[in-house]
Amino acid sequence: MASNKKYWKSVEELDQNSSIVETLRNNEFVEEIPTDEFLGDAATLSATSTTRRDFLKYVGFSTAAASLAACEGPVVKSIPYVVQPEEIIPGVADYYATTMMDGFDFANILVKTREGRPIKVENNNLPNAKFGANARVHASVLSLYDSMRLKQPKISGKDASWADVNASVAKSLAEAKAKGGQVVLLTNTMASPSTDRLIADFIAKNPTAKHVVYDAVSSSTALDAFQMVYGERALADYDFAKADVIVSVGADILGDWQGGGYDAGYSKGRVPKNGKMSKHIQIEANMSLAGANADKRIPLTVTEQKQALVKIYSIVTGASAGAANLGKYDEAVTKAAQQLKAAGGKGVLVSGLDDVNAQLLVLAINKALSSEAFNPSAARLIRKGDSKAVAQLVADMKAGSVHTLIMNGVNPMYTLANSYDFAEGLKKVKTSVVFSLREDETAVKATIAAPAPHYLESWGDVMITKGHYAIMQPTIRPLFDTKQFQEALMAWTGNTASYYDFLKAVGSSIATGTTWNKLVHDGVYTSEVAPVTGGAADFATAASTLAKAKNEGGLELVLYTKTGMGDGQQANNPWLQEFPDPITRASWDNYVTVSKKDAERLGLENFNVANGGLNGSYTTIEVAGTKLENVPVIIQPGQAVGTIGLALGYGRKEGMKEEMQVGVNAYKLYANQVANQVAKVTKTAGDHEFACVQLQKTLMGRGDIIKETTLEIFNTKDAAEWNIVPMVSLDHKATPATEVDLWDSFDRSIGHHFNLSIDLNACTGCGACVIACHAENNVPVVGKSEVRRSRDMHWLRIDRYYSSEETFDKDVVLKNTAKGLTNSITTLTGMEDPSENPQVAFQPVMCQHCNHAPCETVCPVAATSHGRQGQNQMAYNRCVGTRYCANNCPYKVRRFNWFLYSKNSEFDYHMNDDLGRMVLNPDVNVRSRGVMEKCSMCIQMTQSTILKAKREGREIKDGEFQTACSAACTSGAMVFGDVNDKEGQVAKLAEDERMYHLLEHIGTKPNVFYHVKVRNT
Amino acid sequence: MKKVGNHNSFSKKLIFSLAMVLSLSLSSLAQDAAPAAGAGDPAKGKAIFNTNCAACHKLDAKATGPALRGVADKYDKEWLYKWIKNSAELIKSGDAEAIKVFEANGKVPMTAFPQLSNEDIDNILAYTSAPIEQPAPTPTAAAGATAAQEGGVSNNLILGVLAVVLTMLIAMLFFVKNILGKIASANGVALPVKEKSLPIWKAFAKNQFLVLVSSIMMILIGMYFIYGYLMQIGVDQNYEPIQPIHYSHKIHAGDNKIECKYCHSSARVSKNAGIPSLNVCMNCHKNISEFQGDKDSTYVEYSKEFYTAEIQKLYDAVGWDKNTMSYTGKVKPVKWVRIHNLPDFAYFNHSQHVTVAGVECQTCHGPVETMEVMRQHSPLTMGWCVNCHRETNVKVEGNAYYAKIHDELSKKYGVDKLTAAQMGGLECGKCHY
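Going down the list, the protein sequences come from chains X and Z.
Using the numbering used here, count along the first sequence one by one with no gaps and you end on 2499.
Using the numbering used here, count along the second sequence one by one with no gaps and you end on 439.
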């Protein structure tokens, strides 16, 4: 319907004679458009003779010229040294022995440097360097090149010089002395004899000073117990290689329990030798690495664990303590205790229960057993933190009695549960100084933020255990204007010597019978320690107190540290963020782990969405009034019903790249530094998106992927029964798959032929190899959303499988007995769910370097081909990215570069900044977008070993060939070498009757082989 | 700015005669001067000086020690004997003169030469007392340029004359034909009249077969050239950039026969041959602060002053003050232009080729000892690498690494000597990872 309405644009239009209306009708724009003004100088503009056409000509010409010029190669500049240091030869790696110690991790390591920059951490293989590097230590080299580090001192948030810092600290100390105000040194455990002396000097010069040691993740209760019995603040050391029966009550002996580093000794006893291997019984709440490796795992709540510990105590020592009945697991615990007692000196008990009484019982039981594995003499000194002293300090600060607070290596604003109190106290402290690697939560609040050097830039010493003295030496000149805490202490006490000279004097006095040069060269010095017997403590009272433990209602929260993140010091390290957790296989997150039963009760769920990504519900966790919101849930098979687990070390915000600010800060719930808390969990709205790299949880009864057997069968039966060779049909006759071949095999008997052996018995799933591979091969970090899309780039993954029945054996039986279509479907669907307390198996999988590789035959451009030495080679520059090879790979080990991951701001990780790229290995390509990549079996390392031998004109000795993963493996699970060297270790392992190939029936003839897992059930 | 040196005989003769005159006059002067310095023989003295003294002393310039020309006039002869044989003792004895000399020269103790006899010292003194040798004037760049110009003119002249002669010939033929035609018509001889035929291009266009064949030819030729063009993209053979310091490999490796690996020492053990750090240059250039040239060689492209200025550039970079013979500490690293650039995806190791295989540097880098300006001699393409690997036998002599594998492999392939390719040198993964 047509309308005759007239629309008025303004009131002016009502007036027919308005000049404005008239102007508007004639001119679209009322005012003249200020083109000339906009373009700048109007006079010059009118004077110029350049017309629009000319302008376009110029543009066209310059574009053409630029594109023509682009055909020329770029001019590359090379700048040699003015004076080349004698020990540096460009292109040749140097190795320096040093020691990693950051208050949480410690290791005897070698640092590989190229052209003066550290690029990789290797294990120090001297016989007395017994503390190997874990995943975090391997990744620590990247933390050196962290562009978010604190680069120069800051006073009240403003850039300052070290002279300013020294002046204001000296002034504050003088004031404290005059007024009698308290001076407190708050440090992490440094275990450094030289620093201890400097601190003693400092306290002597400042009578009002005291030293408080604070560990972010505390072992305070174990230290208290040890101190009661042995009179020293230390931890007992354990050598699990000497134990036949290991009973652990809540101690993750393969994780970070009491500092960690126990896997090498543990693995030694786990490989069946002469029909014997150790038996490991794990009683725990969270599914830990130790629980996953145990022969028998008993899931109990924390309260029940305490009862179990009392029960074991009473059985081993014969003292009656009246432990409560443990229901369906009572029998299993009793049996474990009996086995422990029967083992006597060959048995050992450990506990991670955060309770002094429990820790006292550990000492009592091991003493009663006179356990050989238990070593209180060479006690560990790497944890000294005192929770009570820290609590007292916070109280003092709030009371205003602390005048000057000097902190080193600690971040209480992040790691204290009562950080709010600490912040309040900090306001009352006159001067607070913090030595920190980055501008973290504490450095932001402190009056002086002092940049500390990374351990790879520092001198130092560490007494890891008594009689095990290690030296830390710098491998690069400090990148920023940093000073060590020790240097500052010396400056403040008026000591004009250098810290190096001081350290040299201390080191020489400790390491007697060796020279300083040898000490620095080896990085480690060991001496005999006097045995200690220890006094008695009231174990009976401890047992009876512990027996009274009761569930206080609610879920029992067990705070733990993840293999990747530890205490969170290296949270800005992209390698560690992307490292998939060995158990949950989730990266870039922490989460609350709940049992399936509890999840159902609380309505929590995990589910997969269309792109394969894993989602989980959000919850709020409340501990004693403190709420932690938006904690995502992962339903964890094996989690004891009535308990939940949550990892520390996440949720950091200050001094972090945005991408790394993931997870929630569980330290908020770490009240009084006790890891066991009572929590209330409520479901909240929304779903969390996880980046989980493994969606298949169970093996579905496919016993040929991880072959396993029991020690009994292994000892009594023929290998053909427990290491079954798959049969295929040839001429309608069953023939072993190993004898059937589609291709004519090449003769590989001449020259080197590399094989990698992986012993599933020794592999603990620790993941050191994953990070070592990252560092060696320039593997890119792709970020959370890409990992969620299954585009992770790890060349080496450690698959984790759960059994859907009690054991994997029963899975196989169940699968084989399923009959008929419907029954098969229901059985197999059921088998996708892991059981409540499953058996767990780890399997490192990298490119299997098949001699008959399916990937090689489908490549249209022959970018992947086989070498005579057994390596499946990948020529990146030839690859056109069809991805046929990845599709045809039965092991799914090929990784595609969906994007350019270096110098790309979309992927703002280490490869996107100049400093972070320093860590790249110059011998390995950085791959570009659109090419396939995969494990090369470290061909750059095998080639350089060969070249070294050629240059020296000699044959290669066994053990010289290494890959990054085999060199990083401290548990001895991965052994690499030349299988044509018949005397070599690998050749012998290849002949072992436990040897099998992954997916043998498809006839790919891999050069990686596995060893059947034997369980001592 | 390359200039070809081409001397005409006149300037050569001139120089020669000048040099002759000068050398004659020098020898006569030397003979005159000899008795003045004592009974020394300057020729013998030169030899002794070069073996014993030249490391620290120069005749006319300060080196580690002072300049020595005319030293015999400054000091008493007996005193000099003592000083040269053992200066430390002389200083110790409290000799005022000795202490003065010692302090004036930065308190650097002089090596004692007790093995020198008085006669030897006389010879040295005779040598040091010889007057300054007049350097023969080297032909300058300008002279070379004129010479080149003259040569160019004469060539052009010949060509011009030839062109004129040819034009004249053509013109003459044309005239002859014309005249013959006129004679013929005058004599009434009827010339055959040419039939009007199709123009050649039209005939060509009509012949479809020819068109087809020739267009195929054209396409093939075009493709050949396009392929050739495309294949040389990224190949920088004969790349010859101007360097921040004009370093002449010809002077160092050619004339002075310095071994390649003296400077490029890391080629023995590393994947990089290494650009020598400046302290390596200073091993020699502490004492060689100006370009002297070599009598046997002619440096026609650049002047002596030019080379000396280039040495000064080195001193500026390394922070060396040649007057005080000391480092100033002000360094300015040299930004060389890299000539041999392998792509990142190709791994090449010098030590494998230099130390293990014993390949001469020149095999890949060409006659470096003749290159005034360094250039890329080889194409550095994969085909070039692979060809060499196919043709070159592995050097196995005296290398225990190869003993077993070479025996077995050569038996398998039925050859006496294995090539690098048979050894596995053609596998992709050997160079690409």
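The hints are simulated quantities; they were obtained by calculation from the structure and are not laboratory data.
These numbers come from a predicted model, not from an experiment.
Check the hints yourself; a few may be wrong.
As the list claims (entries may be wrong) - Each computed DSS-like pair below joins lysine-lysine, with the alpha-carbon atoms no more than 27 Å apart:
1) X:Lys1559 to Z:Lys267
2) Z:Lys423 to Z:Lys436
3) X:Lys2135 to X:Lys1927
4) Z:Lys410 to Z:Lys436
5) Z:Lys401 to X:Lys2439
6) Z:Lys417 to X:Lys2439
7) Z:Lys401 to X:Lys2430
8) X:Lys2430 to Z:Lys267
9) X:Lys2439 to Z:Lys423
10) Z:Lys341 to X:Lys2430
11) Z:Lys341 to X:Lys2385
12) Z:Lys410 to X:Lys2470
Going through the hints against the structure:
For the suggested pair X:Lys1559 and Z:Lys267, the alpha carbons sit about 22 Å apart, so the restraint of at most 27 Å is met. A C-alpha spacing of about 21 Å is found between Z:Lys423 and Z:Lys436, which places the hinted pair at or below 27 Å, so the restraint holds. The suggested pairing of X:Lys2135 with X:Lys1927 holds, with an alpha-carbon distance near 14 Å, which does not exceed 27 Å. With a CA separation close to 20 Å, the supplied pair Z:Lys410 and Z:Lys436 stays within the 27 Å bound.
With a C-alpha separation of about 22 Å, the suggested pairing of Z:Lys401 with X:Lys2439 holds against the 27 Å cut-off. Restraint check for Z:Lys417 and X:Lys2439: satisfied, since their Cα atoms lie roughly 24 Å apart, inside the 27 Å limit. Proposed proximity of Z:Lys401 and X:Lys2430 is supported: the alpha carbons are some 16 Å apart, at most 27 Å. Taking the CA atoms of X:Lys2430 and Z:Lys267, the gap is near 19 Å; set against the 27 Å cutoff, the hint holds.
The hinted pair formed by X:Lys2439 and Z:Lys423 meets the criterion: a straight-line CA distance of about 26 Å does not exceed 27 Å. Annotation: proposed proximity of Z:Lys341 to X:Lys2430 is violated, straight-line Cα distance about 31 Å (limit 27 Å). Distance restraint check for Z:Lys341 and X:Lys2385: the Cα-Cα separation of roughly 24 Å lies within the 27 Å cut-off, and the hinted pair is therefore satisfied. Between Z:Lys410 and X:Lys2470 the alpha-carbon distance is near 21 Å, which keeps this suggested pair within the 27 Å criterion.
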